[in-house]
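K.L.:
Chain by chain, the residues run as shown.
Protein chains: 2
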Amino acid sequence: MYGMIVKVTAVSGQRQSLISILLTGTGEMSGCLSYIVAKDFLDENAIWITEIWDSKASHDASLSLPSVKGAIAKAKPLIAVFGTPVVTTPVGGHGLQSAQNH
Amino acid sequence: MYGMIVKVTAVSGQRQSLISILLTGTGEMSGCLSYIVAKDFLDENAIWITEIWDSKASHDASLSLPSVKGAIAKAKPLIAVFGTPVVTTPVGGHGLQSAQNH
Chain G
44 MYGMIVKVTA
54 VSGQRQSLIS
64 ILLTGTGEMS
74 GCLSYIVAKD
84 FLDENAIWIT
94 EIWDSKASHD
104 ASLSLPSVKG
114 AIAKAKPLIA
124 VFGTPVVTTP
134 VGGHGLQSAQ
144 NH
Chain W
44 MYGMIVKVTA
54 VSGQRQSLIS
64 ILLTGTGEMS
74 GCLSYIVAKD
84 FLDENAIWIT
94 EIWDSKASHD
104 ASLSLPSVKG
114 AIAKAKPLIA
124 VFGTPVVTTP
134 VGGHGLQSAQ
144 NH
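Residue numbers (this note's numbering), protein chains in the order written: chain G, 44 to 145; chain W, 44 to 145.
Just so you know, not all the hints are guaranteed correct.
Okay, the calculated beta carbon distance ranges per label pair [stated by the list, open to error]:
1) G:Val-124 to W:Thr-132: 14 to 22 Å
2) G:Lys-112 to W:Leu-106: 41 to 49 Å
3) G:Ile-115 to W:Thr-67: 35 to 43 Å
FYI, nobody ran anything at the bench for these hints, they're computed from the structure. Positions of the beta carbon are idealized from the N, C-alpha and C atoms, including for glycine.
If we strip away everything but chain G, and leave its shape as in the complex, we get:
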């Protein structure tokens, strides 16, 4: 498995618009076991994206999907800072199994 955790800071006041774009553009992605968008509790402009994929290849391939490319194009002007992604290897837990059966 392949995981990513990344903090993205929206242009001031644009967090909700950014979230909407991210959630609509990433619905159907082959090999995606989990893709969660969360608001930072303290920073009103920040969000956290946590992703789990069956492989790095599936993640990389998703970047070529028209829906994802479209979402990235729409999201870019609303992003002030795209943090350095943390790359992980998910090893287990609760919720992941369900996601795999999705």
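Given the coordinates of chain G, work out where chain W should sit on it, guided by the hints.
P.N.:
Relative to the frame of chain G, chain W by itself:
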């Protein structure tokens, strides 16, 4: 919803043991929608725990469960650094719905 993202650094060489404790002690937690343990790709001693709960109250209550208290007690000696947790409000995405149906 209530989310947490936290980096935990194991005592050198103890990452796998720490992961095993975390995964066995956190199987059945009321209100837990997702609890994923992942290895950091670059730091051989670090792990990331990402959690999603239906409420902060459910998260707080889990800390009183005997299984969780036991896991914390066993895990403590294997932890070198417990990072500052990032608190989030998960708002949607892929995999979360499945986790809710778990």
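K.L.:
Please go over all the hints and tell whether each is borne out by the structure.
P.N.:
Here's how the hints hold up against the structure:
no., hint, in the structure
1, G:Val-124 to W:Thr-132: 14 to 22 Å, "holds (19 Å)"
2, G:Lys-112 to W:Leu-106: 41 to 49 Å, "holds (43 Å)"
3, G:Ile-115 to W:Thr-67: 35 to 43 Å, "holds (39 Å)"
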